[in-house]
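A.B. asks: Sequence:
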Amino acid sequence: RYAFIGFESISEESLAGVNKQWNRPERYGEAIRSIHDAGINILGSFIFGLEGDDASVFGRTLEFIMEHKIDAAQFHILTPLPGTRLYDDLEAQERITDSDWAKYHTGEVVFEPKKMTARELEDGFYRIYRETYSIPRILRRVFRGLRGIPYRLAVNWGQRKRALRMPKP
Numbered sequence: 001r002y003a004f005i006g007f008e009s010i011s012e013e014s015l016a017g018v019n020k021q022w023n024r025p026e027r028y029g030e031a032i033r034s035i036h037d038a039g040i041n042i043l044g045s046f047i048f049g050l051e052g053d054d055a056s057v058f059g060r061t062l063e064f065i066m067e068h069k070i071d072a073a074q075f076h077i078l079t080p081l082p083g084t085r086l087y088d089d090l091e092a093q094e095r096i097t098d099s100d101w102a103k104y105h106t107g108e109v110v111f112e113p114k115k116m117t118a119r120e121l122e123d124g125f126y127r128i129y130r131e132t133y134s135i136p137r138i139l140r141r142v143f144r145g146l147r148g149i150p151y152r153l154a155v156n157w158g159q160r161k162r163a164l165r166m167p168k169p
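Be aware that the sequence shown starts at 1, since it is given in full-length UniProt numbering, and climbs by one per residue.
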């Protein structure tokens, strides 16, 4: 069994910037332990490129994932979809850099981030996928306990295949 959890970010500043005050990073650890104690695996989702993010967010997020034994993770680049307040705000600030809608899928940078370059965001995104799904890190997550090994292995191996198809930073 898996629970999908949209952590979004481990930074209170970044969460506040997108009005996600109900996400409380200081309580993530306790919640993760409770879910694991109930025999449930966690698929965590994280967004990069939020207003409070700088280039250090990738390393801090990877450390969080490993420290708290998140069973698998998905990563996304913030994508300002047309018609949203985020898009309107970034357009007003002249930070939208690409209007090719084919790139608006959470895997490419289409705006200029606030605290890092677009290249740093893209490279960090590719790097965290590759590092999270390296063989040693997969093994540490998959074998954290006997229960659920086949599921954790299948999910992690699928994400590893995705990571290996990504460009190298």
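FYI, nobody ran anything at the bench for these hints, they're computed from the structure. Some hints could be false.
[Unchecked claim] Straight-line C-alpha distance at most 27 Å; calculated DSSO-like pairs for lysine-lysine:
id, residue 1, residue 2
1, 161, 115
2, 114, 69
3, 20, 168
4, 161, 114
5, 103, 115
6, 114, 103
7, 20, 114
8, 20, 103
9, 115, 20
10, 69, 20
11, 69, 161
12, 115, 168
A.B. asks: Now tell me if each hint is right for this structure.
C.D. replies: Results of checking the hints against the structure:
Between residue 161 and residue 115 the alpha-carbon distance is near 30 Å, which puts this suggested pair outside the 27 Å criterion. Only pairs whose Cα atoms come within 27 Å are accepted, and residue 114 paired with residue 69 is rejected, the gap being roughly 30 Å. Using a Cα cut-off of 27 Å, the hinted pair residue 20 and residue 168 is violated, with the two alpha carbons roughly 32 Å apart. A C-alpha spacing of about 31 Å is found between residue 161 and residue 114, which places the hinted pair above 27 Å, so the restraint is violated.
At most 27 Å may separate the alpha-carbon atoms for a hinted pair to count; residue 103 and residue 115 meet this at roughly 22 Å. At roughly 20 Å between alpha-carbon atoms, residue 114 and residue 103 fall within 27 Å of each other, so this suggested pair holds. For the hint linking residue 20 to residue 114, the alpha-carbon distance of about 18 Å falls within 27 Å, and the restraint holds. In summary, the hint linking residue 20 to residue 103 is supported, as the alpha carbons are separated by about 25 Å, within the 27 Å threshold.
Between the alpha carbons of residue 115 and residue 20 the distance comes to roughly 19 Å, so the proposed pair stays at or under 27 Å and holds. Taking the CA atoms of residue 69 and residue 20, the gap is near 23 Å; set against the 27 Å cutoff, the hint holds. The straight-line distance between the Cα atoms of residue 69 and residue 161 is roughly 20 Å, inside the 27 Å bound, and the hint therefore holds. A C-alpha spacing of about 22 Å is found between residue 115 and residue 168, which places the hinted pair at or below 27 Å, so the restraint holds.
The structure fails to meet hints 1, 2, 3, 4 from the earlier list, while all remaining hints are met.
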